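K.L.:
Take a look at the letters that make up each chain.
There are 2 protein chains.
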Amino acid sequence: MSIDRLIEKIKEKNNPTVAGLDPRWEYIPEYIREKAIAEHGKTNKAVGAALLAFNKGLIDSLCDIVPAVKPQSAYYEMYGLSGLSALADTISYAREKGMYVILDGKRNDIGKTAEAYSTAYLGHVDAGEISVENELSSDGLTVNGYLGTDGIKPFVKDCAEHGKTIFALVKTSNPSSGELQDLVVGEETIYQKMAALVNSWGEGLEGKYGYTPVGAVVGATYPKQLKELRSLMSKAYILVPGYGAQGGGGQDAACAFDKNGLGAIVNSSRGIMCAWQKSGCAQEEFGAAAREEALRMRDDILQYI
Amino acid sequence: MSIDRLIEKIKEKNNPTVAGLDPRWEYIPEYIREKAIAEHGKTNKAVGAALLAFNKGLIDSLCDIVPAVKPQSAYYEMYGLSGLSALADTISYAREKGMYVILDGKRNDIGKTAEAYSTAYLGHVDAGEISVENELSSDGLTVNGYLGTDGIKPFVKDCAEHGKTIFALVKTSNPSSGELQDLVVGEETIYQKMAALVNSWGEGLEGKYGYTPVGAVVGATYPKQLKELRSLMSKAYILVPGYGAQGGGGQDAACAFDKNGLGAIVNSSRGIMCAWQKSGCAQEEFGAAAREEALRMRDDILQYI
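Chains A and B supply the protein sequences, listed in that same order.
So for the first sequence, the working numbering puts the first residue at 93; every next one is plus one.
So for the second sequence, the working numbering puts the first residue at 93; every next one is plus one.
Next up, chain A with everything else stripped away, as it sits in the complex:
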């Protein structure tokens, strides 16, 4: 079970956090941007090269202390095919360095199309005699379950067959998340209904720590719900966004963990990537600043679990 691989990486590093790789041009140190422009001119290619060089620097500085990275697909799609090529190279570089890669794509669709998305990131497809090597293949993927079970089953199948994981949106970290997710049906909220679906999708796939490859996304900005969902979804690993820049703290995020200190992985993106800008260090020290912030975040969370 791939969730066991993630858990073992977390235990090995004693660090239940994941570094979000959501790069924007503005976050990248100028010397990296200038080098990319010198090599590729003022082109999309230069943007892609700079994103990749920045990510590689971050990965080099984090890979011995942080178990996982979570690239957010939107930030690469935003820069077109060069951005997507940087995403592919980022994924493969992080995996080479031993990191677990959760692609944050929030993919969702029905039947055959959900299968195609799952194939892209978790599974495998042959085109006749051509074995397609998908450069975007990752260890885990975030998904959106609004379409119901038949939209999620193809992902679960690939999780089981290829040792991958998914994290389904349950209660998201944003201010408007309650508009639909908090609506009450009978005695339950929609996010509780979604939690029950998450449980059902993972059934029978427990790994050696009792967790299934079907995890959930619950924001650190809603600690009360996080605590409640931790107990409702006792077999689902929780991916926790919303720490740091969005306002969640270590004590909030700690609500996602079980009594053994497992059960959750907390993400920080801008806090880590932009640590060099906040600290005012030399731009060449961006990796060291990211590492320092990652250690601070780890300790902030560990003190509460």
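Because the hints were derived from the structure by calculation, they are not lab data.
Among these hints, one or two may not hold up.
Pairs count within a copy or across copies, as identical chains cannot be separated in the list.
DSS-like mimics (lysine-lysine), calculated; alpha carbons at most 25 angstroms apart, straight line [said to hold, decoys possible]: (1) Lys-101 to Lys-285; (2) Lys-148 to Lys-204; (3) Lys-370 to Lys-204; (4) Lys-249 to Lys-300; (5) Lys-148 to Lys-105; (6) Lys-204 to Lys-137; (7) Lys-351 to Lys-245; (8) Lys-134 to Lys-245; (9) Lys-285 to Lys-370; (10) Lys-148 to Lys-370.
Predicted, not measured: the structure shown is a model, and the values here were computed from it.
Assemble the complex: chain A is given as a structure, and chain B must be docked to it using the hints.
P.N.:
Just chain B, lined up with the frame of chain A:
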């Protein structure tokens, strides 16, 4: 308003349908696949080249009678970067041929990340002095509103500023769609709540036909709900999947239209792309078979509206 551009293309062709471009290797005539392998070997590149050649043939055969295409992103992501490159070239070829391009990506996220997705497909971003030309830029995009208003607003902003459209999932065409979407809150279902959100997102953005750039996705497989939602969302254009292969017929799809024969666009993907396999014609005639099926579908729907 970009929705007016779509409506005018529909009126001009007297055809309220959209051809889904969801290619799989198995759908492509052998002579196209062989040529791609001869040129690129048994590689991802050959797959991408074959997808593109197939799509171009379909577009050539359809562009004078069908107003729009809807490539489903999953089928390109499934084939990795070569697939995405074929998607980019498909989008630009269809737009060159005067077709309206709705990318079916069902993208969704919060705040800044929703902005990044919107930028990718509907908006524009500069990277310092580099004006990023996004090869995936489309006329419309499907989105998933489970995260609430702040996850959709960035898309609406780009619709208004760049003359684009979005279609938010309301009631999807698949068998499990009711698991969450049909749950009842007070006196309303979740899909009705979503419909009310769709109305609120489009408010004030009516074009000259009374429709806003914030449309909805409602499956032809649920004609009763389609009729109900047509009247609940009087200003939202409805994108109707589920015709043909999924079981919806012309009479079902007709429920999505207003009394002027506007208000909806009906999609068929496999029915059109694989018409050559079903008809048993020579593989070189795949375009003619697609055209014949597109005309049959048009007439099937027009007779009811």
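K.L.:
With reference to the structure, classify each hint as holding or not holding.
P.N.:
Hints, one by one, checked against the model:
In this assembly of identical chains, Lys-101 and Lys-285 lie within 25 angstroms of each other by CA distance neither inside one copy nor across copies; the values are 31 angstroms within and 42 angstroms between. Taking the shortest alpha-carbon separations for Lys-148 and Lys-204, only the inter-copy value of 23 angstroms comes in at or below 25 angstroms, while the best intra-copy value is 35 angstroms. For the identical chains of this complex, Lys-370 and Lys-204 are inter-copy neighbours only, at 19 angstroms across copies versus 45 angstroms inside a copy, given an alpha-carbon limit of 25 angstroms. In this assembly of identical chains, Lys-249 and Lys-300 lie within 25 angstroms of each other by CA distance solely inside one copy; the values are 19 angstroms within and 47 angstroms between copies.
Taking the shortest Cα distances, Lys-148 and Lys-105 sit within 25 angstroms of each other inside one copy (20 angstroms), while across copies they are farther apart (51 angstroms). Within a single copy, Lys-204 and Lys-137 get their C-alpha atoms only as close as 33 angstroms, which misses the 25 angstroms cut-off; across copies the closest is 23 angstroms, which meets it. In this homomeric assembly, Lys-351 and Lys-245 never come within 25 angstroms of each other (Cα to Cα): the closest approach is 30 angstroms inside a single copy and 39 angstroms across copies. For the homomeric pair Lys-134 and Lys-245, neither the shortest alpha-carbon distance inside one copy (44 angstroms) nor that between copies (31 angstroms) is at most 25 angstroms.
Neither within a single protomer nor between protomers do Lys-285 and Lys-370 lie at most 25 angstroms apart by alpha-carbon distance, with minima of 40 angstroms and 41 angstroms respectively. With identical chains, the CA atoms of Lys-148 and Lys-370 are at most 25 angstroms apart within one copy only, with a shortest distance of 20 angstroms there and 49 angstroms across copies.
When held up to the earlier numbered hints, the structure conflicts with 1, 7, 8 and 9 and fits the remainder.
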